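Protein chains: 2
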Amino acid sequence: MNSQIDIEVSEVGPRDGLQSIKAIMPTEDKKKWVSALAAAGLPEIEVGSFVHPKIFPQLADTAEIVKHARSISGLQVAVLVPNLKGAQMAVEAGAHKITIPLSCSEEHSIANVNRTHAQMYDETRAIAELINAQPAEDRPKFEGGLSTAFGCTIVGEVPEEKVVEVAENLMECGCAEVGISDTTGYANPATTKSLIRKVRAAVGEDACTGIHIHNTRGLGLANALAALEEGLTTIDSSMGGIGGCPAAPGASGNIVTEDLVFMLDSMGLKTGIDLDKLMNVRDLVKASLPGEPLYGFTPDAGIPKGYKPFAGAL
Amino acid sequence: MNSQIDIEVSEVGPRDGLQSIKAIMPTEDKKKWVSALAAAGLPEIEVGSFVHPKIFPQLADTAEIVKHARSISGLQVAVLVPNLKGAQMAVEAGAHKITIPLSCSEEHSIANVNRTHAQMYDETRAIAELINAQPAEDRPKFEGGLSTAFGCTIVGEVPEEKVVEVAENLMECGCAEVGISDTTGYANPATTKSLIRKVRAAVGEDACTGIHIHNTRGLGLANALAALEEGLTTIDSSMGGIGGCPAAPGASGNIVTEDLVFMLDSMGLKTGIDLDKLMNVRDLVKASLPGEPLYGFTPDAGIPKGYKPFAGAL
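Residue numbers (this note's numbering), protein chains in the order written: chain A, 1 to 314; chain B, 1 to 314.
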């Protein structure tokens with residue numbers, strides 16, 4: 001991570017946001033969006049996913065977006081891959097970071113991608129082999145995503161011990177790190193802290209630094225605060241919370257980048273992101289996705305009068 | 001506070017919520033609402049404000065609501081009063097808790113209620129005298145509300161030292177306690193913690209146990225978590241976040257009771273509130289205020305499958 005910042009906000013809108021809506025953002029608009037986010041100071045952007053375009057036609061141009069994003073100096077370019085084939089495409093395109101999501105609930109994994117945990121571990125090992133075969137200077141970072149880590153919509157509870165077991169297995173399969181993901185929005189600040197502690201105790205603090213949070217029950221920023229307090233330094237979020245369910249504003253979607261960055265910045269934590277520039281990037285998304293609701297409280301309320309980030313000790 | 005609960009959620013919808021909307025809830029509906037909230041387990045409800053009905057016609061029936069609420073066993077009945085006259089009416093009606101809000105920003109106080117701090121302190125002393133003249137068994141609790149404690153829309157920054165000074169003065173004027181209020185939604189978790197520490201250091205922990213939080217910039221529940229971590233035990237919230245600005249869902253309104261209670265309950269903190277019953281009370285508000293938007297994520301998303309409150313150590 002850039003040594004000039006305290007907390008790395010990883011923008012996942014171009015992947016998690018766009019895959020959740022019907023509209024397809026034109027490739028040129030995606031490039032402009034990624035460029036504008038990077039210009040606002042976002043240090044990492046998950047620009048797409050190498051899944052079959054039949055599943056997510058919205059992300060069919062991921063290779064082209066990766067290539068464009070790589071041309072932006074200093075930007076860490078992240079992608080999601082479901083399998084070895086996706087990883088090959090990601091490596092070829094030149095992604096800096098590759099994440100394979102694995103549902104800690106095996107029932108969810110089978111229902112969702114028709115794979116058992118054992119099959120997913122095989123895939124993970126194959127990807128690790130591919131990555132390790134790359135020249136050191138081009139080698140992407142390889143992350144295992146601990147999906148449904150706080151519970152699953154099929155079986156309900158996912159025991160902490162199961163998440164820890166999956167984390168350990170992913171590390172053994174060759175991941176460099178694991179990221180905790182509240183796919184279903186079941187987390188609360190207490191379970192967030194507890195699980196982070198257990199996973200970090202198992203795999204080491206350096207191998208678990210990030211979390212992916214949904215705002216399904218409105219607890220997203222409280223959970224982000226809990227994660228910060230446990231020492232995590234990377235938090236995923238999505239501009240405008242794109243992909244949230246229209247029936248329930250913001251629900252089921254990612255936490256909103258604008259509100260997260262305002263929270264971090266106002267607490268005096270350095271994100272490297274310019275708040276005003278960030279707010280302006282919304283116009284680009286609005287113009288490209290007419291009719292698609294954009295969420296977020298800070299963009300509507302504006303920055304407080306006489307705004308100064310907190311300068312005391314946290 | 002009831003010894004069976006860890007955190008007291010103080011419902012302010014019938015006061016702060018209703019005063020912020022144009023529609024006037026019929027008196028009988030208010031009574032049903034208060035009864036239903038109490039039946040769901042809310043330990044304290046701010047049922048109204050003794051202001052001139054020209055200012056808030058929505059709250060003109062506060063005396064009648066207080067009398068009704070007092071008939072509900074175990075419920076702490078709270079009201080707001082702007083001055084001695086309001087306090088006289090509150091005492092006469094039989095409120096258990098009387099809060100006088102004082103804007104820590106003197107410019108805001110002058111602009112809003114046309115009173116200097118010195119004038120407000122005089123009023124506070126007069127109210128304390130009135131309250132102390134009541135028989136001990138009927139004496140309401142007297143709280144000073146530290147409004148605009150995190151910043152003001154007129155002058156911007158409100159220094160922590162000013163808030164501490166106002167808190168000390170209110171205690172000297174005869175308040176039994178002070179409550180911190182983020183009237184403008186300027187707070188963040190860092191300033192929340194810092195200010196709570198300073199006010200409690202000045203007036204004593206027992207004299208500062210509650211906070212009133214707005215969700216203007218989406219940080220409401222994160223700020224609530226910060227307050228909990230500092231040891232506060234009473235948090236204000238409003239059912240459905242009523243009164244939030246329709247242009248910016250939830251903005252400028254109170255934090256949503258349903259989401260707050262879900263957060264606390266899921267963390268394993270006892271609130272005495274039945275989550276399902278609480279959610280059902282919304283129907284009553286919807287029916288009484290047709291067209292008025294109700295906010296909240298948890299009511300839309302529902303309780304997680306296999307839901308169990310966190311059982312570990314916080």
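Watch out, some of these pointers could steer you wrong.
Said to hold, decoys possible - Calculated pairs, PhoX-like style, for lysine-lysine (alpha carbon to alpha carbon, straight line, at most 25 Å):
#, chain 1, residue 1, chain 2, residue 2
1, A, Lys-162, B, Lys-97
2, A, Lys-308, B, Lys-193
3, B, Lys-22, B, Lys-286
4, B, Lys-198, A, Lys-305
5, A, Lys-32, A, Lys-286
6, A, Lys-308, A, Lys-286
7, B, Lys-85, A, Lys-308
8, B, Lys-308, A, Lys-193
9, A, Lys-198, B, Lys-198
10, B, Lys-308, B, Lys-277
11, B, Lys-85, B, Lys-67
What the hints assert, rightly or not - Here are the simulated distance ranges between beta carbons:
#, chain 1, residue 1, chain 2, residue 2, range
12, A, Gly-156, B, Gln-4, 25 to 35 Å
13, A, Gly-231, B, Gly-231, 48 to 58 Å
14, B, Lys-22, A, His-52, 34 to 44 Å
15, A, Asn-114, B, Gly-302, 23 to 33 Å
16, A, Lys-277, B, Ala-118, 37 to 47 Å
No lab work stands behind these hints, which were simulated from the structure alone. Just so you know, these numbers come straight off a predicted model, no measurement behind them. The beta carbon of each residue, even a glycine, is placed where N, CA and C say it ideally should be.
Going down the list of hints, with the structure as the test:
Note on A:Lys-162 and B:Lys-97: the hinted pairing is violated, with a Cα-Cα distance of about 48 Å set against a maximum of 25 Å. Proximity of A:Lys-308 to B:Lys-193 is assessed by CA-CA distance (about 16 Å); at most 25 Å being required, the pair is judged to hold. This hinted pair checks out: B:Lys-22 and B:Lys-286 have alpha carbons roughly 15 Å apart, not beyond 25 Å. At roughly 23 Å between alpha-carbon atoms, B:Lys-198 and A:Lys-305 fall within 25 Å of each other, so this suggested pair holds.
Of the supplied pair hints, the one linking A:Lys-32 and A:Lys-286 holds, its CA atoms being roughly 13 Å apart against a limit of 25 Å. Between the alpha carbons of A:Lys-308 and A:Lys-286 the distance comes to roughly 29 Å, so the proposed pair goes past 25 Å and is violated. For the hint linking B:Lys-85 to A:Lys-308, the alpha-carbon distance of about 39 Å lies beyond 25 Å, and the restraint is violated. As the CA atoms of B:Lys-308 and A:Lys-193 are separated by approximately 16 Å, the hinted pair is consistent with the 25 Å bound.
Between the alpha carbons of A:Lys-198 and B:Lys-198 the distance comes to roughly 34 Å, so the proposed pair goes past 25 Å and is violated. Of the supplied pair hints, the one linking B:Lys-308 and B:Lys-277 holds, its CA atoms being roughly 17 Å apart against a limit of 25 Å. A threshold of 25 Å between alpha carbons decides the hint, and for B:Lys-85 with B:Lys-67 the separation of about 18 Å falls inside it, so the pair holds. Roughly 28 Å separates the CB atoms of A:Gly-156 and B:Gln-4, a value that falls within the hinted 25 to 35 Å.
A hinted range of 48 to 58 Å is violated for the C-beta pair A:Gly-231 and B:Gly-231, which are about 22 Å apart. Between B:Lys-22 and A:His-52, the C-beta spacing of about 52 Å breaks the proposed range 34 to 44 Å. With their beta carbons about 27 Å apart, A:Asn-114 and B:Gly-302 fall inside the hinted range of 23 to 33 Å. The given range of 37 to 47 Å is respected by A:Lys-277 and B:Ala-118, whose C-beta atoms sit roughly 44 Å from each other.
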